[in-house]
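Asker: These are the residues of each chain, in order.
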Amino acid sequence: MPYSTEFLLSAYRTMKTIREFEERCVKEFEGGNIPGFTHVSNGQEAIAVAACIDLSDKDIIGSTHRGHGHCIAKGCDVGGMMKEIMGRATGLCKGKGGSMHIADIDKGMLGANAIVGGGPPLVNGAALAAKTLGTKNVALSFNGDGSANQGTVFEAMNLAVVLKLPHVFVYENNGYAEGTAANYGVGSNSLTDRNAGFGMPAECVDGLDFFATYEALKTATERARNGGGPTAIEAMCVRFDGHFIGDPQLYRGKDEIKNARKNQDCLKIFRERVIAEGWLKAAEMNAIDKEVMAEIETSVVDALAAPHPDPATDLMSDVYCSY
Amino acid sequence: MTNHSNNPAIGGKTSMKTIREAINDALREEMRRDPTVIILGEEVSGGAGCDGEDDAYGGVFGVTKGLMPEFGRERVIDTPISEAAIIGAAAGAANNGLRPVAELMFFDFIGVSFDQIFNQAAKFRYMFGGKSKTPMVIRGTVGGGWRAGAQHSSMLHSIVTHIAGLKVVMPANAYDAKGLMVQAIRDDDPVIFLEHKVMYDIACEVPDEQYSIPFGEASFPRQGNDVTIVAISNMVTHAITVADILAEEGIGCDVIDPRTVSPLDHEAILESVEVTGRLVIIDEGNPRCGLATDIAGIVAEHGFYSLKAPILTVTAPHTPVPFAPELEDAYLPSAEKLMVAVREVLAAGRSGA
Ligand SMILES: Cc1ncc(C[n+]2csc(CCOP(=O)(O)OP(=O)(O)O)c2C)c(N)n1
Ligand SMILES: [Mg+2]
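Protein sequence lines, in the order shown, are assigned to chains L and U.
Heads up, the first sequence is in this note's numbering, so the first residue is 1 and it goes up one at a time.
Heads up, the second sequence is in this note's numbering, so the first residue is 1 and it goes up one at a time.
Worth double-checking, as some hints may not be accurate.
[What the hints assert, rightly or not] According to the in silico footprint, chain L covers these stretches of chain U (three or more CB under 8 Å from chain L):
hint, region
1, 42-52
2, 56-66
3, 82-89
4, 100-114
5, 141-149
6, 313-319
7, 326-334
[What the hints assert, rightly or not] Chain L is faced by these chain U residues, among others (derived, beta-carbon under 8 Å):
hint, residue
8, D78
9, H152
10, G224
11, F323
[Said to hold, decoys possible] Keeping only pairs whose Cα atoms sit at most 30 Å apart, straight-line, the calculated BS3-like set for lysine-lysine is:
hint, chain 1, residue 1, chain 2, residue 2
12, L, K27, U, K197
13, L, K27, L, K94
14, U, K337, U, K308
15, L, K94, U, K197
16, U, K65, U, K133
17, L, K258, U, K65
18, L, K290, L, K268
19, L, K136, L, K58
20, L, K136, L, K164
21, L, K268, L, K281
22, U, K197, U, K337
23, U, K13, U, K197
24, L, K58, L, K164
25, U, K65, L, K254
26, U, K65, L, K27
27, L, K218, L, K164
28, L, K94, U, K337
29, U, K197, U, K123
These aren't lab readings, by the way, just hints derived from the structure by calculation.
Glycine is no exception: its CB is placed at the ideal position from the N, C-alpha and C atoms.
Extracted from the complex, chain L is given alone in its bound form:
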């Protein structure tokens, strides 16, 4: 067996946690418990987990507006996340950030980012710090097929090559940037060919296949850790929900989402594979499902009961370290 049972159970648990967290966010948003704009990542769980499962808290990730899955995969506390997304004082960012700006520096989670393309230059900085300080830590940025077209991302890729930074660029290609198709927005036929053009190893994997994605990212992360510089991994995937919760998704083809949920579900694909290989038993995963459901339920109950921030003390704090 190429993977330990512990590894497989952990991967499954994290993917399932993301799935249930996101589906619950949709429900809570629709129930009026989550303010603002919320983007969920259900359908894309395999990539987040494959990218983060081997990382330590000292390795850094930079995320996007669609960041809940990355947070969970990087080990952020699910309860703290739910509170943050509901804008509570005991949330990960004291309710000041919200879904689009959620971060947990202690876990090496440098932040979701509501500015498309905002992350990769910052992740270069984390990689530069690791390289300069000789820590052997790596940095990983999540990008989309849409953010791939931002100048900041091009600049960050080039700088990472020039400085040989330990930066893994992950491109989650879910086919859409809001309501614009990747095959329209990415002018070259292939994101991966374009990535290779920057002078770094570039690979395209099936992001629905946890194992293929994991292997590619493992190679990339080891390369970065051993001084081999940046890599770009494009992982093809599907977005189960709208761009944001409530998106009417008029731009999507008829039955596209139904088909995706049925035939392109990375969790189902994982389960079928590990059962077929005889690596895990359905019962083991069913037990995890129950635990995850309970954990998500608790996170919501706790978040709804959590205190709201107090404008008198919380509005003006945290702008500066000192002023």
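Got chain L sorted already, so can you dock chain U with the ligands onto it with the hints?
Answerer: Positioned in the frame of chain L, the structure of chain U with the ligands alone reads:
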């Protein structure tokens, strides 16, 4: 001379229109009239390259809905997420015969594209000795209230107002939105057109025909002799609320909506303060180097001897915009906060003329 009337009546038919519809009207009519007007930005139509419906968004706030079906993708251009390239293309096209209306979905994205705005578009004419024209409009949504957090809620009008070469427009009702958008498109300079995202559904009677409102002319949504309130964009709503409450107490508020902050109708403000002697400025921007301090400075410099009390400002605090609803509500200026300031300014200082 300052135009002291409210929106002048225009002959012909009017209809109830929201700000969203009024801007859409202005864009459509100008595109019909002038084939050089184009629109570009992210999701201005939506659905590019997709299997589903075209014009799936018409802008994420629906402002450009229906324009792509009428004018085609050649003139209503969905772009990749590349704000520097969008703004640069608009500026370059404006120098070469087109009148582009570029959209920054959220004006916070000015950060990604700022060089193309302030070093390029704004300065061409001056640097080139008056030989170039850059007739472009940059539309962007501003302001808080949507719980959209620090990176999607900023009120950055003061930053662009600071820059010579840019004109900055901030409509507070559908009538102004239409007339100012027409003017913005016909104007030969780069115009920043800022739409407050909580105001899109606010409606009023709007003439069906095309009309333009000149820049630099304030409007007077309420008139009175006791205190001047200068308000812009969504803050006009609060100013009107306060003025109407005080009117019942027999206190007259002169509410001035500059409508454009660059150019700014100094005259209207100074003339009003000459009568009232008391001034409160309400602005959703941050307090330092902002529109409120700018106007306070102008009045302190040119209207000092008219003042009977210190000028007061009501602004957001010196923080980013917080996410949690109670924090965002505390952050935003409100009618209640304005009322406190207005009463304070009425009570303070010298009485009489
Ligand atoms: C600088 C900037 N431009 C535009 C947006 C609006 N926006 C948010 S997400 C998004 C699409 C991103 O697409 P992609 O990178 O493929 O990520 P996905 O949403 O598919 O996860 C856009 C246009 C933004 N937040 N920031
Ligand atoms: Mg995408």
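Asker: Would you check whether U:G224 satisfies its interface hint, that is, whether its CB is within less than 8 Å of any CB in chain L?
Answerer: 32 Å, violated
Asker: Between the alpha carbons of L:K94 and U:K197, is the straight-line distance 30 Å or under?
Answerer: 25 Å, holds
Asker: Quick one, are L:K290 and L:K268 close enough, alpha carbons at most 30 Å?
Answerer: Between L:K290 and L:K268 the Cα gap is close to 16 Å, so the pair holds against 30 Å.
Asker: Three residues or more, CB to CB closer than 8 Å: is that satisfied between the region 82-89 of chain U and chain L?
Answerer: Holds: 4 residues of the region 82-89 of chain U have a Cβ under 8 Å from chain L.
Asker: Taking the closest Cβ pair, is U:H152 under 8 Å from chain L?
Answerer: 5 Å, holds
Asker: CA of L:K218 to CA of L:K164, is that 30 Å or under?
Answerer: Since the Cα atoms of L:K218 and L:K164 sit roughly 18 Å apart, the hinted pair holds (cutoff 30 Å).
Asker: State whether the coverage of the region 326-334 of chain U by chain L holds or is violated, taking the criterion as 3 or more residues with Cβ-Cβ distances under 8 Å.
Answerer: holds (count 5)
Asker: What's the verdict on U:K65 and U:K133, does the C-alpha distance respect the 30 Å limit or exceed it?
Answerer: 29 Å, holds
Asker: Would the hint linking U:K197 and U:K337 be met if the CA-CA limit is 30 Å?
Answerer: 21 Å, holds
Asker: Examine the region 42-52 of chain U for residues whose CB is less than 8 Å from any CB of chain L, and state whether their number is three or more.
Answerer: holds (count 9)
Asker: Tell me if chain L covers the region 56-66 of chain U under the three-residue, 8 Å CB rule, please?
Answerer: Three-residue rule met by the region 56-66 of chain U, so holds; n is 3.
Asker: Would you check whether U:F323 satisfies its interface hint, that is, whether its CB is within less than 8 Å of any CB in chain L?
Answerer: 3 Å, holds
Violated hint for the displayed structure: number 10, the only one.
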